[in-house]
Amino acid sequence: MCIPMKKLLLIVVVFAYVFIGRAEQIDINFEYPDIEGDFYLAGTVFFPPSSVMSVNNILILDTSTKKEIASKITVQERWPDDSIMSVEIIFPASSQKKTTYTIHYGSDIKRRKTFSEPAVLPTISFFPAGAGRPVENVDISVGQINVRVDKSTNIRYWWYIVPMAILLFLTVYRSVRTIRTQKL
Amino acid sequence: MIRISVARRIVQIICFVLLVYGGYIFKDWKESAETSQQKIFPTLKAPEGSVSTTQFEKGSILWPSGATPVIENYPPSLVCRFNPKGGMFKACIMHFLSENLTWQTSFKYLLPYITLFIALCFLLGRVWCGWVCPIGTVGDFLTYLRRKMNIPVRRFPERFRLNLSITGYSLMVIALAISTVIGMPNYARFQCYWFLPYCQICPARLICPMFGLIKPNWKDFSTGITTCFTILAWIVLGLFVAAFYFGRRVWCHMCVVGLINSWFNKGSGIELHKKAIKCIKCGYCADACPMGLTAMYQLNRDAIYNQAGCIMCMRCVEVCPRKGCLNVSFFGKKIGNMQRRTLDAKKVSEPVRRNVA
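Chains A and B are the protein sequences, given in the same order.
Residue numbering for the first sequence is 1 to 184, as defined by the numbering used here.
Residue numbering for the second sequence is 1 to 357, as defined by the numbering used here.
Certain hints may be false.
To be verified - Subject to a maximum C-alpha distance of 25 Å in a straight line, what follows is the list of computed BS3-like cross-link-like pairs (lysine-lysine):
(1) A:K183 with B:K27
(2) A:K183 with B:K333
(3) A:K183 with B:K108
(4) A:K183 with B:K148
(5) A:K98 with A:K72
(6) A:K72 with A:K110
(7) B:K275 with A:K183
Unchecked claim - So the derived list for chain A, only partly shown, Cβ under 10 Å to chain B, looks like this:
(8) F46
(9) L61
(10) M164
FYI, nobody ran anything at the bench for these hints, they're computed from the structure.
All C-beta atoms, glycine included, are put in the ideal place defined by N, C-alpha and C.
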């Protein structure tokens with residue numbers, strides 16, 4: 001492969017990474033409760049269309065340590081293109097170590113820490129800042145409309161007129177004959 | 001040779017089991033049949049989002065069964081849509097007409113079904129009423145109970161029977177008119193109350209589910225209209241049961257399916273022939289007729305006796321003491337010797353003489 005081609009390929013890969021493999025961030029707001037020890041933070045987060053296809057593309061990050069927090073993420077609604085519209089997120093936090101958390105999402109995000117059965121702990125609601133809504137316009141694809149005109153059935157079922165007419169004629173003919181025999 | 005009344009009872013029981021319990025018996029077969037019959041008969045469905053499909057879910061007044069039948073077709077008999085597990089056939093012709101008028105189904109899609117219905121009527125006429133109809137079989141069983149209780153049968157006058165038929169036709173016209181009106185877009189909201197108006201008062205809707213030990217929806221007092229329908233259904237069911245303790249096959253005079261079927265009876269393939277020269281006016285034929293018809297007795301000439309009200313049970317042929325006086329033929333071909341009674345005609349049926357004379 002010649003050098004210009006390699007450069008071109010590199011440019012394409014870089015652009016593809018920039019435009020396709022994007023990661024976004026949502027800050028979450030909550031108030032630390034007046035309790036000692038651990039608790040859960042839970043809330044619903046909305047995402048723009050076509051931005052998140054799987055719950056594995058969403059993760060919670062501790063802003064002080066920059067480490068991922070184990071989370072349980074459940075899909076609530078989806079957009080018509082099957083991308084995720086909203087999820088319910090629940091993750092553990094501690095009142096002893098006061099920090100802030102951010103939600104990261106996008107195609108280049110890979111969640112590694114999950115938990116499925118949370119322990120019995122108090123749950124505090126959080127509110128996402130900006131709610132993951134895009135500033136620019138939102139284009140929603142609802143798929144294409146297919147119209148099928150089935151011309152074959154138009155004639156196919158009308159043909160039943162012929163046997164029906166024959167049967168009705170025979171019925172009337174025989175009825176007239178029966179009535180005549182009774183009136184003779 | 002097997003007696004015709006015995007043969008009829010056997011056929012009635014077989015048909016009853018097939019029509020009512022067909023959904024259980026042919027459970028596996030019906031799933032494969034659903035796709036194969038699409039080529040000949042188009043699928044009739046309610047329009048998308050129709051109130052008629054969204055309002056009548058399981059447990060509502062018009063959905064005690066909810067299962068699909070084995071064969072999606074409409075024979076000329078009171079085959080109820082509300083049979084347990086859907087039964088053998090889809091529904092009766094009144095159900096078919098009502099729902100498709102409401103759904104405004106194109107006539108071309110109804111043609112195959114109507115053609116088959118006419119063909120079956122043309123072949124056998126009201127044999128469908130006398131030999132096949134499950135509600136008729138229930139009625140005959142009630143008549144059997146009446147006989148066991150020694151309650152004497154009452155012969156209703158001709159005018160009373162005529163009034164019953166007029167009532168049946170009136171109900172038919174009203175039900176079809178309502179079905180047509182609620183199919184119009186401006187009145188579609190009324191479908192949640194007025195859909196299948198005849199079915200809502202038909203005794204078959206309440207009787208058929210019970211044979212599958214399914215509890216039919218006996219009452220719906222949610223609105224004024226459903227309350228009226230509930231009370232009407234009770235009244236009609238009460239009259240249906242009570243009528244069999246006074247006469248035989250009283251319901252069949254006003255049954256809408258029977259009335260439609262009767263249009264084809266005079267031209268059907270099954271014919272009853274009378275040879276007047278052999279008739280001794282004993283009156284047994286009129287006495288035995290479960291529909292209370294006396295025209296066979298009154299006929300004074302050789303004729304094809306196919307009355308609109310005759311359910312072709314052939315009791316008259318069976319009880320006629322004169323060989324060759326009454327015959328049954330299928331498109332002109334005589335069907336065996338069906339007579340049972342051979343005694344001399346000196347013993348004349350007195351009740352008939354009193355009524356007819």
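| query | Given the hint that A:K183 pairs with B:K27, does the C-alpha gap stay at or below 25 Å? | reply | Given pair A:K183, B:K27 is violated - Cα atoms ~51 Å apart, limit 25 Å.
| query | Are the Cα positions of B:K275 and A:K183 separated by 25 Å at most? | reply | holds (14 Å)
| field | 25 Å Cα cutoff - pair A:K183, B:K333 | value | Status holds; Cα separation ~23 Å.
| request: Using Cβ atoms only, decide whether A:L61 comes closer than 10 Å to chain B, and label the hint accordingly. | output: violated (46 Å)
| Supplied contact hint for A:M164, tested at 10 Å Cβ to chain B | Check passed: Cβ of A:M164 comes within 4 Å of chain B, closer than 10 Å.
| task | Compare the distance between the alpha carbons of A:K183 and B:K148 with 25 Å, and conclude whether the hinted pair is satisfied. | result | The hint is violated at about 41 Å.
| query | For the pair supplied as a hint, A:K98 and A:K72, is the alpha-carbon distance within the 25 Å limit? | reply | holds (21 Å)
| task | With a cut-off of 25 Å on the C-alpha distance, tell me whether A:K72 and A:K110 pass. | result | Holds. A:K72 to A:K110 sits at ~14 Å (cutoff 25 Å).
| task | Mind checking the alpha carbons of A:K183 and B:K108 for me, to see if they're no more than 25 Å apart? | result | violated (39 Å)
| query | Quick one, is the A:F46 hint okay against chain B at 10 Å, beta carbons? | reply | Violated, because the Cβ-Cβ distance from A:F46 to chain B comes to roughly 29 Å (cut-off 10 Å).
Checked against the numbered hints above, the structure violates hints 1, 3, 4, 8 and 9; every other hint is satisfied.
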